[in-house]
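Asker: Sequence:
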Amino acid sequence: MNQSLLKGTEIYENLINSLNSATSSIYVVSAWFTDQSLLDILVAKSQANVDVSVVIGDNKDNRKLNFKALESSGGKIFRIKGKGYGIMHQKYCIIDKTTAFHGSYNWTINARKNNSESVIKTDLKSTIKDLLEDFNELTIKNSTISFNGNTKNNGWLSFFTKKTKKPKSSLEDEGLNTKTFEPRISSDDIFKSIISAEIKKTNREEIKNKAYEQAKEVSGDAQVISKSMDSLYHLFVSDKKENDLNKEKLLQKIDDKVAEFSQNYNSEKDHKTNTLQIENQAEEKKLEFEKTDINGKIKLKETEKHNTLNTKIKNLEQEKDNYKEKINDLNIEFVKPKFKYHEFIPLIIFFVGLSICMVLFYSSSAYIMLYSYDDSLEAAKLGVIESPQVYEASALSKAYIKGGTALFYIGFFVFIPFAIAYCAHNLNETSRKKNLLKTTFFSAVIGLDIFIAIKVATTIGEINHLSKGIIPDYSINAMLTDINFWLVFFLGAIPFFFLAILMDKLIAFFKARSTQAGREKMILEIKYLKEKIKKLNENISACKEDANILDLEIEKLENQLLQLEQSLIFLPKELDSKLVQITQDTNNKIADIRKKADVYKNDIENDNIQISLSSLKDRVSAFIEGWNEWLHDEYAVDKAIIKSQEAMLACDKWLIENVKKIES
Numbered sequence: 320m321n322q323s324l325l326k327g328t329e330i331y332e333n334l335i336n337s338l339n340s341a342t343s344s345i346y347v348v349s350a351w352f353t354d355q356s357l358l359d360i361l362v363a364k365s366q367a368n369v370d371v372s373v374v375i376g377d378n379k380d381n382r383k384l385n386f387k388a389l390e391s392s393g394g395k396i397f398r399i400k401g402k403g404y405g406i407m408h409q410k411y412c413i414i415d416k417t418t419a420f421h422g423s424y425n426w427t428i429n430a431r432k433n434n435s436e437s438v439i440k441t442d443l444k445s446t447i448k449d450l451l452e453d454f455n456e457l458t459i460k461n462s463t464i465s466f467n468g469n470t471k472n473n474g475w476l477s478f479f480t481k482k483t484k485k486p487k488s489s490l491e492d493e494g495l496n497t498k499t500f501e502p503r504i505s506s507d508d509i510f511k512s513i514i515s516a517e518i519k520k521t522n523r524e525e526i527k528n529k530a531y532e533q534a535k536e537v538s539g540d541a542q543v544i545s546k547s548m549d550s551l552y553h554l555f556v557s558d559k560k561e562n563d564l565n566k567e568k569l570l571q572k573i574d575d576k577v578a579e580f581s582q583n584y585n586s587e588k589d590h591k592t593n594t595l596q597i598e599n600q601a602e603e604k605k606l607e608f609e610k611t612d613i614n615g616k617i618k619l620k621e622t623e624k625h626n627t628l629n630t631k632i633k634n635l636e637q638e639k640d641n642y643k644e645k646i647n648d649l650n651i652e653f654v655k656p657k658f659k660y661h662e663f664i665p666l667i668i669f670f671v672g673l674s675i676c677m678v679l680f681y682s683s684s685a686y687i688m689l690y691s692y693d694d695s696l697e698a699a700k701l702g703v704i705e706s707p708q709v710y711e712a713s714a715l716s717k718a719y720i721k722g723g724t725a726l727f728y729i730g731f732f733v734f735i736p737f738a739i740a741y742c743a744h745n746l747n748e749t750s751r752k753k754n755l756l757k758t759t760f761f762s763a764v765i766g767l768d769i770f771i772a773i774k775v776a777t778t779i780g781e782i783n784h785l786s787k788g789i790i791p792d793y794s795i796n797a798m799l800t801d802i803n804f805w806l807v808f809f810l811g812a813i814p815f816f817f818l819a820i821l822m823d824k825l826i827a828f829f830k831a832r833s834t835q836a837g838r839e840k841m842i843l844e845i846k847y848l849k850e851k852i853k854k855l856n857e858n859i860s861a862c863k864e865d866a867n868i869l870d871l872e873i874e875k876l877e878n879q880l881l882q883l884e885q886s887l888i889f890l891p892k893e894l895d896s897k898l899v900q901i902t903q904d905t906n907n908k909i910a911d912i913r914k915k916a917d918v919y920k921n922d923i924e925n926d927n928i929q930i931s932l933s934s935l936k937d938r939v940s941a942f943i944e945g946w947n948e949w950l951h952d953e954y955a956v957d958k959a960i961i962k963s964q965e966a967m968l969a970c971d972k973w974l975i976e977n978v979k980k981i982e983s
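Counting in our numbering, the sequence shown runs from 320 upward without gaps.
Note that these hints are calculated values from the structure, not bench results.
Any given hint could be a false lead.
Calculated cross-link-like contacts (lysine-lysine; reagent style DSBU-like; alpha-carbon spacing at most 35 Å) [stated by the list, open to error]:
no., residue 1, residue 2
1, K631, K643
2, K416, K958
3, K854, K633
4, K908, K920
5, K605, K620
6, K897, K914
7, K633, K645
8, K854, K840
9, K849, K659
10, K604, K616
11, K908, K588
12, K416, K624
13, K588, K568
14, K546, K448
15, K851, K757
16, K854, K830
17, K631, K618
18, K645, K824
19, K448, K958
20, K958, K618
21, K863, K616
22, K529, K383
23, K440, K529
24, K400, K546
25, K432, K383
26, K400, K326
27, K620, K875
28, K774, K717
29, K643, K849
30, K529, K568
31, K659, K824
The calculated label-pair distances, taken between Cβ atoms and stated as ranges, are [to be verified]:
no., residue 1, residue 2, range
32, A388, K616, 28 to 36 Å
33, Y692, I802, 17 to 25 Å
34, Q885, K618, 18 to 26 Å
35, D442, L890, 56 to 64 Å
36, L443, K379, 29 to 37 Å
37, T342, E525, 18 to 26 Å
38, L443, E536, 28 to 36 Å
39, D904, T342, 32 to 40 Å
40, G672, L806, 15 to 23 Å
For each residue, glycine too, the CB sits at the ideal point set by N, CA and C.
Taking the hints into account, I'd like the entire structure generated from these sequences.
Answerer: Below is the structure:
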C-alpha cells in the first residue's frame with residue numbers, strides 16, 4: 320500500500336485514525352511538534368501501555384507544549400540539537416511497525432490548517448525497516464537512561480531499556496528485588512550502530528540541496544535518478560574510506576561503550592547487593608518477631624494446660640470424692656429417730672378435738688337436713704311448737720332411736736370430709752398437679768359446706784313457717800343475709816381446713832419415724848449424687864480432651880519455632896550464596912561484552928568494516944526529499960505527486976539492483 324495524502328486536514332484525519340488504532344508501538348520523528356491534540360493521543364496511548372517514543376528538534380517552538388505528561392505516563396522524548404548550520408529536519412511516524420507516514424508534514428497546527436503538505440502512507444516492509452533503522456540511530460545518539468532512580472546521560476542506553484509492567488519481585492521468590500539493566504537490542508546491534516553512526520556522518524541538507532538542483536536541471540526527470548544514485552554511492556564509499564582514517568577514534572568509542580556497559584553492570588550489582596542486604600536484615604527481624612510471638616503463644620498454651628490439669632480437673636476430682644463420701648455415709652444402715660413427745664401430744668390433742676367437733680357438726684347438720692322438718696311436723700300435730708336451731712345437740716341419739724339406717728346415713732355423711740382430707744394428703748402426682756388436685760378437693764369441701772349451709776338455713780325457714788307462720792324467703796340476697804347460713808358455713812369449713820393441716824403433720828410425723836421412708840429417701844439422695852458424679856466425670860473427660868488438644872497445639876508451635884530457628888541459621892548462608900551469584904553473573908556479562916567488543920575492534924583494525932546499507936538508505940532518503948521538494952515547488956500538486964512516485968520507484972529499483980554489491 321502506497322497512499323498519497325495532500326491536504327493538511329486529510330493527512331491529520333488519517334494520522335489520528337491510525338494513532339488511535341495503535342496497539343503496540345508509536346515512533347514519531349518531527350522537526351516541529353506544536354499540535355496539542357496529537358500530543359493528547361500519544362499520552363492516552365502511553366497510559367494504555369503502548370510504547371511511545373518521540374524525536375523532536377531542540378528548538379524554541381518545541382518548548383510550547385508540556386511533554387511531561389507523556390514522560391510521566393511512560394513515554395520517551397528525545398530532543399536533537401542542530402550541528403553547525405544543520406538541524407534535524409525529518410518528518411515521519413511508524414505505527415505498530417506495520418504502517419508509516421513520511422513526507423513534509425510537521426506535527427503542527429499550521430501544517431494541519433494552512434500549509435500545502437504531502438505525505439505518503441505506506442505499509443511497504445522495506446520502507447518501514449529503513450525508517451526503523453533511522454529511528455534507532457537517532458535515539459541511540461540522543462537518549463538517556465534512568466538507573467537506580469538517577470538519570471544519567473548515557474547516550475544510547477535508555478532507549479534500549481524495555482518498557483514493561485513491573486514484574487513480580489524476585490525477592491518474593493529468591494529474596495531479591497532489584498532493577499536489572501537489560502538493553503532492548505543486543506550489544507552486537509549497539510556496536511554496529513556505533514560504527515554505522517561514525518561512518519554515516521552526512522550533511523543531509525547538503526544532499527537535499529544537491530538533489531533539489533539536479534531535479535531543477537533535468538526538470539524532475541526520474542530517468543536520471545539511476546545515475547544520481549551511482550554518484551551518491553561513490554561519494555558514500557569515498558566517505559567510508561575517509562572515515563577509515565579515524566580508526567583510533569572509533570576504537571576509543573567502542574572502549575568507552577564497553578566501560579559504560581561495565582559501569583552499569585557494576586551499578587546493577589551494587590544495587591542488588593545493597594537491596595539483598597537490606598532485605599536480609601528485614602527478613603531476620605521478621606523471623607525474630609515471629610519467634611518471639613510463637614514463644615509467647617507457647618507460654619500461654621502451657622499456662623492454660625497447667626490450669627486445666629492442676630486446677631480444673633483437681634477441683635472436679637475433689638468434688639467427685641466428696642459426693643462418693645456422701646454416698647458411703649448414706650449406705651450406712653438407717654437409724655430410727657427418737658419419738659418426739661413434745662411434738663406429738665399437741666398434734667394429737669388438737670386433731671382429736673377438731674375431729675370431735677367435725678363429728679358433732681356434720682352429724683347435727685345431717686340430722687337437721689334429713690329429719691328436723693319431719694320431727695317438727697309430728698310435734699305440731701301433737702300441739703307442740705318447737706323453736707328451730709342451727710345445731711342439733713342430740714342428733715346422734717335421735718338417729719339411734721330412728722334406727723340403724725338413720726345412724727348409718729349420718730355416720731357416712733360425717734365420714735366424707737375426713738376422706739377428702741386424707742386423699743388430698745396422699746397424692747403421688749407432681750407438685751404442680753398435686754396442688755391442682757388439692758385445690759379441687761378443698762373446693763369440693765367448700766361446695767359441700769355451702770350446700771349444707773343452704774339446706775340447713777332452708778330447713779330452719781320451713782320449720783319457722785310451720786310453727787310460726789313466717790313465710791320463708793329463698794332468694795339469694797336473703798340467703799346471703801341469713802345469719803344461720805354463715806354460721807353453718809364457717810362452723811363446717813374452718814374446722815375442716817385445720818383438720819387437714821393437722822392430718823398432714825401427723826402423717827409426716829409418723830412417716831419420719833418409718834425405716835422404709837428413710838431408706839426411700841436415702842435411695843433418692845444416692846441417685847441424685849450419682850447423677851452429679853456422672854456430670855463431673857463428663858466435665859473431667861472434657862478437660863482432659865482440652866489438655867490433649869493443647870498438647871497438640873504446643874507441639875505444632877514448637878515445630879514452627881524450630882523451623883524459624885533453622886531459617887535464622889541458614890539466612891546468612893543464603894545471603895552469601897546470592898551475593899556470590901550476583902558477582903559471578905556481573906563478571907560474566909562484562910566478560911561477554913568485552914569479547915564482543917574485541918571482535919569489532921579487530922574488524923576495525925583489519926579494515927574489515929562493512930558498508931552500512933541503512934547509512935546509504937539515509938542518504939537516498941535525503942536525496943528524495945530534496946528532489947520532491949523541487950517537484951512540489953515547480954508543479955501542481957497532482958503532477959508533483961506523480962513525479963514523486965516515479966522518482967521513488969526509480970530509487971527502489973536502483974537499491975534492489977545494487978543491494979548485493981553493497982552488502983558484499
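Asker: Each hint should be assessed against the structure and marked as holding or not.
Answerer: Taking the hints in turn, this is what the structure says about them:
| no. | hint | verdict |
| --- | --- | --- |
| 1 | K631 - K643 | 19 Å, holds |
| 2 | K416 - K958 | 30 Å, holds |
| 3 | K854 - K633 | 15 Å, holds |
| 4 | K908 - K920 | 18 Å, holds |
| 5 | K605 - K620 | 23 Å, holds |
| 6 | K897 - K914 | 26 Å, holds |
| 7 | K633 - K645 | 19 Å, holds |
| 8 | K854 - K840 | 22 Å, holds |
| 9 | K849 - K659 | 33 Å, holds |
| 10 | K604 - K616 | 18 Å, holds |
| 11 | K908 - K588 | 11 Å, holds |
| 12 | K416 - K624 | 72 Å, violated |
| 13 | K588 - K568 | 30 Å, holds |
| 14 | K546 - K448 | 25 Å, holds |
| 15 | K851 - K757 | 33 Å, holds |
| 16 | K854 - K830 | 32 Å, holds |
| 17 | K631 - K618 | 18 Å, holds |
| 18 | K645 - K824 | 29 Å, holds |
| 19 | K448 - K958 | 28 Å, holds |
| 20 | K958 - K618 | 96 Å, violated |
| 21 | K863 - K616 | 20 Å, holds |
| 22 | K529 - K383 | 33 Å, holds |
| 23 | K440 - K529 | 26 Å, holds |
| 24 | K400 - K546 | 34 Å, holds |
| 25 | K432 - K383 | 18 Å, holds |
| 26 | K400 - K326 | 30 Å, holds |
| 27 | K620 - K875 | 11 Å, holds |
| 28 | K774 - K717 | 19 Å, holds |
| 29 | K643 - K849 | 8 Å, holds |
| 30 | K529 - K568 | 30 Å, holds |
| 31 | K659 - K824 | 13 Å, holds |
| 32 | A388 - K616: 28 to 36 Å | 53 Å, violated |
| 33 | Y692 - I802: 17 to 25 Å | 20 Å, holds |
| 34 | Q885 - K618: 18 to 26 Å | 21 Å, holds |
| 35 | D442 - L890: 56 to 64 Å | 57 Å, holds |
| 36 | L443 - K379: 29 to 37 Å | 36 Å, holds |
| 37 | T342 - E525: 18 to 26 Å | 39 Å, violated |
| 38 | L443 - E536: 28 to 36 Å | 29 Å, holds |
| 39 | D904 - T342: 32 to 40 Å | 34 Å, holds |
| 40 | G672 - L806: 15 to 23 Å | 20 Å, holds |
Checked against the numbered hints above, the structure violates hints 12, 20, 32, 37; every other hint is satisfied.
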